[in-house]
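For reference, the chains in residue letters:
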Amino acid sequence: EAGVAQSPRYKIIEKRQSVAFWCNPISGHATLYWYQQILGQGPKLLIQFQNNGVVDDSQLPKDRFSAERLKGVDSTLKIQPAKLEDSAVYLCASSLMYNEQFFGPGTRLTVL
Amino acid sequence: AQTVTQSQPEMSVQEAETVTLSCTYDTSESDYYLFWYKQPPSRQMILVIRQEAYKQQNATENRFSVNFQKAAKSFSLKISDSQLGDAAMYFCAYRRGSGAGSYQLTFGKGTKLSVIP
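Taken in order, these protein sequences are the chains called A and B. No gaps in the numbering here: position 54 of the first sequence is 54 in our numbering, and each next residue is one more. No gaps in the numbering here: position 69 of the second sequence is 69 in our numbering, and each next residue is one more.
Since the hints were made in silico from the structure, they are not lab data. Fair warning: this is a prediction, and the values are worked out from it, not measured in the lab. Note that the Cβ used here is the ideal one computed from N, Cα and C, for glycine as well. Be a bit skeptical, because a hint or two may be false.
As a list, the in silico DSBU-like pairs of lysine-lysine whose alpha-carbon atoms are at most 30 angstroms apart [stated by the list, open to error]:
no., chain 1, residue 1, chain 2, residue 2
1, A, Lys78, B, Lys55
2, B, Lys55, B, Lys112
3, A, Lys15, B, Lys55
4, A, Lys78, A, Lys44
Partner residues aside, some chain A positions facing chain B, computed with beta carbon under 7 angstroms [unchecked claim]:
no., residue
5, Gln48
6, Asn52
7, Val54
8, Glu100
9, Phe103
All chains, full assembly: derive it from the sequences and hints.
Set out below in structure tokens:
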């Protein structure tokens, strides 16, 4: 069974530029999560989808971050414009409803 | 809000020895799950072990076991017969167990485990 796929694996951008990350969850997983992991900290939830609906986006900085999950499968997380403090690893996870979450390899973002 | 605290930023253990990683949490809920995740350098996070709060018996997965003290809100991970491949960041995490809404994982800051040959 294929795991959670993410791309790109690494991204370096200048501040005020925009960037997008892509996630493909495990086939059949209805629930998809985006976490932000800043160096030296544990991951923090940005947004949770159930199929293509948002369950929780209370910690998503909506002035610059946006996410969508069209057709309830793939998801895209966008940052526009990026700030220095957005440098982090962005993790995507998926689960069958509310069971175990499986994580992807992450996208490491560096904002210069 | 739930919080998870890992008070040991770094730990080391000799190969084949036993090490215990500590975790405390705070919650007002009665139905929840606790997890230990392993994150090797530049590799993805994987689940090591999980514990349901309603179960009194401590979870065990091969060389990994937990000491779940519900009243003290403590959840430690014991790794027996440590191997070089156990070297990684270990995260303790909390998740609510039921009801509508978010099932996000709340993580601690992690403990970096080094295994000495």
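These are the hints, each one checked on the structure:
1. Proximity of lysine 78/A to lysine 55/B is assessed by CA-CA distance (about 41 angstroms); at most 30 angstroms being required, the pair is judged violated.
2. Distance hint between lysine 55/B and lysine 112/B is fulfilled; the C-alpha atoms sit about 28 angstroms from each other, no more than 30 angstroms.
3. Of the pairs offered as hints, the one joining lysine 15/A and lysine 55/B is violated, with about 48 angstroms between alpha carbons and a cut-off of 30 angstroms exceeded.
4. Under the criterion of a C-alpha separation no larger than 30 angstroms, the hint pairing lysine 78/A with lysine 44/A is consistent with the structure, at around 16 angstroms.
5. Taking 7 angstroms as the C-beta contact cut-off toward chain B, the hint placing glutamine 48/A at the interface holds, the least distance being around 5 angstroms.
6. Checking asparagine 52/A against chain B: minimum C-beta separation of about 16 angstroms lies over 7 angstroms; hint violated.
7. Below 7 angstroms, beta-carbon pairs count as interface contacts, and valine 54/A has none with chain B, the closest being about 10 angstroms; its hint is therefore violated.
8. Annotation: interface hint on glutamate 100/A holds; nearest CB of chain B at approximately 6 angstroms, less than 7 angstroms.
9. Contact between phenylalanine 103/A and chain B, as hinted, is supported at the beta carbon level, the nearest pair being about 4 angstroms apart and thus within 7 angstroms.
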